[in-house]
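Asks: The primary structure of each chain is shown beneath.
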Amino acid sequence: MRWVNRHMRRNDRMIAGAIPILALLVLYLVMAAQRHALNPSDKILPLPDAMARGLSALLFQADPLSGHFLFWTDTLASLERLGLGLGIATLTALVAGLVLGVLPPVRATLGPLVTAIAVIPPIALLPVLFIALGLGETAKIALIVVGITPPMIRDLTDHVASLPREQIIKAQTLGASSWQIMIRIALPQAMPRLIQAVRLALGPAWVFLISAEAIASDSGLGYRIFLVRRYLSMDVIIPYVAWIALLAIAMDFALSLAGRRAFPWAYGASH
Amino acid sequence: MTALLSLKNVWVEFGDKVVLEKINLDVAAGSFVSIVGPSGAGKSSLLRLVLGQEAPTRGTIMLDDLALTPECGPDRGVVFQRYSVFPHLTALQNTMFGLECAGSPLLARLFGAARRAAQEEASAMLEAVGLADAQDLYPAQMSGGMQQRLAIAQALLKRPRILLLDEPFGALDPGIRADMHVLIRRLWREHALTVIMVTHDIREAFSLGTRVLALDKRRHDPHAPHRYGATVVYDLPLRPRDEDAPAPAEEEPADVPIREIHA
Chain A
0 MRWVNRHMRR NDRMIAGAIP ILALLVLYLV MAAQRHALNP SDKILPLPDA MARGLSALLF
60 QADPLSGHFL FWTDTLASLE RLGLGLGIAT LTALVAGLVL GVLPPVRATL GPLVTAIAVI
120 PPIALLPVLF IALGLGETAK IALIVVGITP PMIRDLTDHV ASLPREQIIK AQTLGASSWQ
180 IMIRIALPQA MPRLIQAVRL ALGPAWVFLI SAEAIASDSG LGYRIFLVRR YLSMDVIIPY
240 VAWIALLAIA MDFALSLAGR RAFPWAYGAS H
Chain B
0 MTALLSLKNV WVEFGDKVVL EKINLDVAAG SFVSIVGPSG AGKSSLLRLV LGQEAPTRGT
60 IMLDDLALTP ECGPDRGVVF QRYSVFPHLT ALQNTMFGLE CAGSPLLARL FGAARRAAQE
120 EASAMLEAVG LADAQDLYPA QMSGGMQQRL AIAQALLKRP RILLLDEPFG ALDPGIRADM
180 HVLIRRLWRE HALTVIMVTH DIREAFSLGT RVLALDKRRH DPHAPHRYGA TVVYDLPLRP
240 RDEDAPAPAE EEPADVPIRE IHA
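If you read the sequences in order, they're chains A and B. With numbering that gives the first Met the number 0 applied, the first sequence corresponds to residues 0 to 270, in that order. With numbering that gives the first Met the number 0 applied, the second sequence corresponds to residues 0 to 262, in that order.
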């Protein structure tokens, strides 16, 4: 049987998907055990018990200096920045994408500007943001917004502009104005795509968040891992990275589920 | 009877490519005009002119003795071969859309009693096209024939002066197509519609229409085929409005020599 025809059943797929992940974990444990056999105080590849100890200090013991439980403070601070950044970017992209996609004169006027901004590497703008907005929360959120909004606008504009011409004509023969076409025809059909765009923007958003936190911050998941790097504290860095991955997966899953629930017509709801 | 729609010396050109030339046409209210012709003969261009999607390069188009603005409006309904229903709305919502646009400029949504009235009107129209049981289905859940019925219901609810059909049944299989012919003929009678239909199917053109127009190029320059546009080469009045169409078997139009005009 050809490989292109070898479809797997659901259970087999789950097992197949788990194999590489488990193999990587086992490989890590073997390498860590080897290093610890040679040097019991090795810090580079900590064993699970060391990670548990390192993490529990941040989880359950208040920091003597600030009185905060650092893991939770870090998580909250990062999620707040990420949420605000994503929220502002999503709203901006939706409005801009609709206006640019539906109204050709606006697209002709602002389209090149969006393209020009989109090609600037956002990290290169970080110094500008720090100088203009200070080292506080605003600059970090602004970096996320500046980084992910232009590609989202472009994606949404293209999607809205490529709605079948027949639909737009038909709406006009039913008496719809530009505004009515925007809110009743383009907006609902842009929503599923918007959710896809947010899912794709999650990755870059995390990159910009961690970058901003690494450079100037006093809390946050990115701040913490760059701080403890100075002490080679892999026992904290690895659990933090795993936690970030877990948060990212949860967000992606939640968005995907919300999209399917809210817009069944866009996912081929058939007989 | 004065013409409902009249085209006077209409030309459509793109650069030096002439698509339509010297179209003179009067369409009487209540007629069912079929437009046939080979691919690329400007059938759809002519329809887009009447729809207002395109403006003529030269000439005038009058609807009800007023010059037609080159923009689509609710006085002209349209059904395309595909994509003429909104995939994110159910059949009922699709049909109500026209009423909601007229009744609520800001939100394009109706509430309360106005909404119920619109729903009732839309339901009645869906019933008239045979979609009474499909009100809550999304277009993706419907067959091609049902989607076209929906597109017709949507258009008719706005009581257009002219209904334009752009190969509306071209993507349907023969059985469904025959059902749709019965439906469109019934609606045309009951609603006293004026219909202009572009089609590839000559049998369909003759069995439905009260008048058949054939578009083609009158002249052909082999060295510059784009320099001459298509025009109406045949204009065949078939039967008055209230006369029933003869059975399809009697009207074998295959010997109409549209292509021989070049010889």
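The hints are simulated quantities; they were obtained by calculation from the structure and are not laboratory data. In this text the structure is predicted, and so the values were computed from the model without any measurement. Please note that the accuracy of each hint is not assured.
Claimed, not checked - Far from chain A by the CB rule (all over 10 Å, computed), these chain B residues:
(1) Leu62
(2) Gly97
(3) Glu99
(4) Leu106
(5) Gln134
(6) Arg217
What the hints assert, rightly or not - FRET-style restraints, in silico, Cβ to Cβ:
(7) B:Pro104 - A:Leu112: 50 to 60 Å
(8) B:Asp135 - A:Leu132: 42 to 52 Å
(9) B:Asp135 - A:Ser177: 25 to 35 Å
Unchecked claim - A partial selection of chain B residues facing chain A, derived with a Cβ cut-off under 10 Å:
(10) His87
(11) Pro104
(12) Tyr137
(13) His190
(14) Ala191
Every residue gets a Cβ at the ideal spot worked out from N, C-alpha and C, and that includes glycine.
Asks: For each hint, tell me whether it holds in the structure or not.
Replies: Hints, verified against the model:
{"no.": "1", "hint": "Leu62", "result": "holds (13 Å)"}
{"no.": "2", "hint": "Gly97", "result": "violated (4 Å)"}
{"no.": "3", "hint": "Glu99", "result": "violated (8 Å)"}
{"no.": "4", "hint": "Leu106", "result": "violated (7 Å)"}
{"no.": "5", "hint": "Gln134", "result": "holds (15 Å)"}
{"no.": "6", "hint": "Arg217", "result": "holds (30 Å)"}
{"no.": "7", "hint": "B:Pro104 - A:Leu112: 50 to 60 Å", "result": "violated (31 Å)"}
{"no.": "8", "hint": "B:Asp135 - A:Leu132: 42 to 52 Å", "result": "holds (50 Å)"}
{"no.": "9", "hint": "B:Asp135 - A:Ser177: 25 to 35 Å", "result": "holds (29 Å)"}
{"no.": "10", "hint": "His87", "result": "holds (4 Å)"}
{"no.": "11", "hint": "Pro104", "result": "holds (7 Å)"}
{"no.": "12", "hint": "Tyr137", "result": "holds (4 Å)"}
{"no.": "13", "hint": "His190", "result": "violated (16 Å)"}
{"no.": "14", "hint": "Ala191", "result": "violated (19 Å)"}
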